[in-house]
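Student: Residues per chain are reported as follows:
There are 2 protein chains.
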Amino acid sequence: MTHTMPEKKNLIVDMQPVGRRVDISEGSTLLEAAQSAGVGLVSLCGGEGWCESCLVRIAKGEINEPTQPELDYLDEGDLSAGYRLACQVKPKTDVRIDIPPESLSTPQRLQIEGKDFEIPLAPIVEYVDLELSPPTIKSLRADSDRVKDALLESGFRNIRIELPVLMNISNVLRANKWSIRAVLRQGEVIALLPKGMGIFGISVDIGTTKLALYLVDLSTGEVVDKVGEMNPQIAYGEDVVSRIAYVTQNDDGRETLQNALISSLNLLVQEVCGTAAIDQSQIVDAVVVGNTAMHHLFAGLPVEQLAFAPYVPAVNEPIDFRAADIGIEMAPGAYIHLLPNIAGYVGADHAAVILSTELWKTGKTILAIDVGTNTEISLVSNGSLLSCSCASGPAFEGAHITNGMRAAPGAIERVQIIDGEIKTFTIDDALPVGICGSGILDVVAEMKAANLMDEKGALIEGKLNIRKGKKKNLEFLLVPREFTGHERDISVSRTDVNEIQLAKAAIRAGQEILLAKAGIAAEDIDEIIIAGAFGTYIDVPNAISVGMFPGIPVQSFRQVGNAAGMGAVQALISLKHRQLIEDVIKDVDYIELTTYEHFQKEFIDAMYLR
Amino acid sequence: MTHTMPEKKNLIVDMQPVGRRVDISEGSTLLEAAQSAGVGLVSLCGGEGWCESCLVRIAKGEINEPTQPELDYLDEGDLSAGYRLACQVKPKTDVRIDIPPESLSTPQRLQIEGKDFEIPLAPIVEYVDLELSPPTIKSLRADSDRVKDALLESGFRNIRIELPVLMNISNVLRANKWSIRAVLRQGEVIALLPKGMGIFGISVDIGTTKLALYLVDLSTGEVVDKVGEMNPQIAYGEDVVSRIAYVTQNDDGRETLQNALISSLNLLVQEVCGTAAIDQSQIVDAVVVGNTAMHHLFAGLPVEQLAFAPYVPAVNEPIDFRAADIGIEMAPGAYIHLLPNIAGYVGADHAAVILSTELWKTGKTILAIDVGTNTEISLVSNGSLLSCSCASGPAFEGAHITNGMRAAPGAIERVQIIDGEIKTFTIDDALPVGICGSGILDVVAEMKAANLMDEKGALIEGKLNIRKGKKKNLEFLLVPREFTGHERDISVSRTDVNEIQLAKAAIRAGQEILLAKAGIAAEDIDEIIIAGAFGTYIDVPNAISVGMFPGIPVQSFRQVGNAAGMGAVQALISLKHRQLIEDVIKDVDYIELTTYEHFQKEFIDAMYLR
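Sequence order for the protein chains is E and X.
First residue of the first sequence: 36, per my numbering; consecutive thereafter.
First residue of the second sequence: 36, per my numbering; consecutive thereafter.
Bound conformation, chain E alone (with noise of 0.2 Å):
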């Protein structure tokens, strides 16, 4: 007789009431059960059990005991009506788990969550609370220098109060019985509230399509919710280039652009606010990240200019204002921090990666990569940081692909092509009506992979499912039309090929790039980290079966989710890390592609699916 090690059993996890079940091997938590089934539960910190957003119900089945974020976080009721957190729970047989409305992701999925981190709290804004006496006869100083007068006693120096809590502050101090709360940054008053009224900040990541808005408490430093929203902004173009032309084109493109986005923002706000039974005015600070075009078009600064060579921004260096200069509702004198940007076509969002993943920190050989429309790389090595931007195309948003959607209920998320057989995932567990950027990946590697194509992706007549389609093109079909949403076949073109081989061989020839400019070789990597919402869904092996990212081992990839977002918590929750960015920012060595004579031989190379 001989020993067997016990194999890990494969437990099947039912989810309710999305109605999808899927396979994991023992030990997996449920949130990665979830997440494998492209189930989207809201996971803000990555698993660590903080962000308390992943609550779940178990049904049925056997799990592990209570860990201890459960147990700081969940009362004896919560855990006897078998709620959990999903991120800490290791099924040990089959389970079923119901999914609360409000851990699931919004029907549009998007992605704000993203690796937690540790820092000291230390925000730009402080706070104290005041008791003043009330003027009389022989106590004739203004409202004002009575507040000063006590913030002076109270140890504080160089104190202002300008022009938006002065015309509230008759009022405030009178309604508090002279009993308040001040707020201050940097000196200034920028905040006067009843005393005791707990303090809050927001971080705000503007995508090209979708927004992610953080509500922070100011006095701990928790991420207390998050919430998302597609960018209002996608009715006036898709992308970054066609809403510049919208803003050339308008006399008020500017303007109307602007408005939209503020108009969604102060939504998200309420939205908050509403949930933490807060009032608006007790957000006294924000930090806000994006692509410099939505960067600038938040701001209201002019984008024209983005559109033509040398493609300069209007501004790089990390910017101030006050919230009420552009119609964000939160306190009066509340100030917007946002992060420096790079270059025309490297925003405050990548510099929001580079922070919250502390790439300059690391001894390492990293690429950083932001897939999106606009795909921002940063390779850090030998303690240098370049970076560059590569125009990916919409495509793995869905768009110019025959029948590519956004990542929404119905979307097809997940392919495999296994012994000639086709099986598709959807989100939501929909019936299919279109595929997404990840499973317009999927396809094309799966394709691939089962020798339905060339290297140069022209389709293999008599291969599986290919077909005669249009115009007597050659096609693959994905669903047939009996098994879809809209009975209407699902069908990939060599066109859709193209287009993917067109956007990984922009982003690998931008990887490529900046490897080459640093003299090293794809082996020298340590790490490459995929951030934003599209790279936490792809299939990595894939990505790297059809060549988008250099052949290292998978264990070295690191999908961190909304790094830009997290980023933009840190400044919040720490001055020390605006200062940190900003001087990073400045030794950032940025590389124009389109100036760099072996991008057009790197990016023809990186075309082919080998």
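These are computed hints drawn from the structure, not numbers from a lab.
Wrong hints could be hidden among the right ones.
Remember, identical chains collapse to one label, so a pair may be satisfied in a single copy or spanning two.
[Said to hold, decoys possible] In silico lysine-lysine, BS3-like type, Cα no more than 27 Å apart, as pairs:
| id | residue 1 | residue 2 |
| --- | --- | --- |
| 1 | K491 | K505 |
| 2 | K611 | K396 |
| 3 | K621 | K173 |
| 4 | K491 | K507 |
| 5 | K636 | K173 |
| 6 | K183 | K621 |
| 7 | K503 | K491 |
| 8 | K621 | K552 |
| 9 | K173 | K552 |
Starting from the structure of chain E, add chain X where the hints point.
Tutor: Just chain X now, with coordinates in the frame of chain E:
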């Protein structure tokens, strides 16, 4: 034969097209002639020849040769066409002059002149012309960095460019082919203009009744234009107290009053820009003064607490904010500076009076009195400065007087009763329709001199034109209906006389209490400065006669016109003067009359007409 000294001739000045004739003695100027005739000839500099606003054409008669100021300002063509400055011309014979419309103040006569001053030009703003190199593929700096680097090269330090200027930076740089004028305010770039373009500032005096706006060339310090207008807030209340009541009683009251004011000021800005053929973007700085309530309503500050004891302002210290924050149309990044207030009813306008009259510098004993609905009084003696405020009421504005009216055409502004003959003089020589402030003061003084009433103000039956009016009360018929513009009698009742008694008593009591507080007798006063619109038009001997001022020699009085406006101009062209008045104000000892034990006694004493 004996020699006789040549007697001063009486000469006649015939003013057209206003159709007014006036007798002057030889040696008087045309400006003095116009003033004595109540013709609203604009004279900002008070007759020193540098404001160039009192331009007239000599149609007939002999006059002096052109003076140096005239030679500096008028060219050969002007002079040969007969154009001269009224303040510089002393007729040798009877003359006829044409007054061009632009030299006439608006139909509603407004006080926007003031005594001149000479202070070095050193405004808060500086400017420099820059030639930038445009961005190229080898030079990818952001637009703002390009400007900052050029400024660094020009020796500027701690340069900041903020949102309002960033919002247009890319367009401005390109439209001007990278050749620009940068305007800076303490390191902040507040405007980017085409290279070489002139820069201007505005000073504004916001009276409860009237607005005065001065346009100043900030490259020379010269006042290039001045305009006046009624304060549109009059529609919401004639005096400060009723406007505060409006704000208290209406949810959007504060905003309504602020918007009305801002709209009127923007029209004045447009007017001076049109006249000077400049763009509003060339106006890069502003200084604003007003009484505390006007100051607060202009800036959008709370005023409700000003209506209740102890009447404390929201803010006393000088404040600065962007013009754009309240909607004043100037350069996008321009700031507005508000001089400090002293107390709830001694505002920034009085601070400006103290500044322009240099009260604190003198070794003399001086009373400075700014007569209005609210009258502010300062006494400087032995190096200390006392200030107070008296509720003198609107009688001197023509309100609460049976036939009272504002200083508009047809208002009786001067009255003489000589040997039983009643003579009245109206503004613009129009048919009389009512009595304005200086007229009603004259009436009371002349009635008293003609013994038509007793020292309590009771009219004496049987005396000149004293008759029974409505409800059988005695009244003095000033102008019978057949000589008026509206065919109704213009008369003065005992109630009218009492209104003037109340007003002058309040003003006199304020003076007496300041004198008592300083331990000074009226005889010790070296000078009484009368500032403000009404103060310019009153007849000083008559004002002494009714007891409004102590009976010190007439030559000790100085009528300085709009000293508040002049203080605002000084603070505009000299940063040092802003700091100066801020420091001076800190040492002002404010006396709250309502808490002063002798106030009632002084007030009742001052009611008598002795």
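Student: With 27 Å as the alpha-carbon cut-off, assign the pair K611 and K396 to within, between, both or neither.
Tutor: within (15 Å within a copy, 49 Å between copies)
Student: From the Cα coordinates, with 27 Å as the cut-off, is the pair K621 and K552 best called within, between, both, or neither?
Tutor: within (19 Å within a copy, 64 Å between copies)
Student: Quick one: K491 to K507, C-alpha cut-off 27 Å, is that within a copy, between copies, both, or neither?
Tutor: within (19 Å within a copy, 112 Å between copies)
Student: At most 27 Å between alpha carbons: which applies to K621 and K173, within, between, both or neither?
Tutor: between (56 Å within a copy, 17 Å between copies)
Student: Within, between, both or neither: how does the pair K491, K505 come out at a Cα-Cα threshold of 27 Å?
Tutor: Within one copy only: 21 Å inside a chain, 108 Å across chains, cut-off 27 Å.
Student: Classify it for me, K503 with K491: is the Cα-Cα distance of at most 27 Å met within a copy, between copies, both or neither?
Tutor: Intra 19 Å, inter 113 Å, cutoff 27 Å: intra-copy only.
Student: Using 27 Å as the alpha-carbon threshold, which applies to K173 and K552: within, between, both, or neither?
Tutor: Between copies only: 17 Å across, 74 Å inside.
Student: Could you place K183 and K621 in one of the four classes (within, between, both, neither) given a Cα distance threshold of 27 Å?
Tutor: between (37 Å within a copy, 15 Å between copies)
Student: Please sort K636 with K173 into within, between, both or neither, judging by C-alpha distance up to 27 Å.
Tutor: between (83 Å within a copy, 22 Å between copies)
Checked against the numbered hints above, the structure violates none of them.
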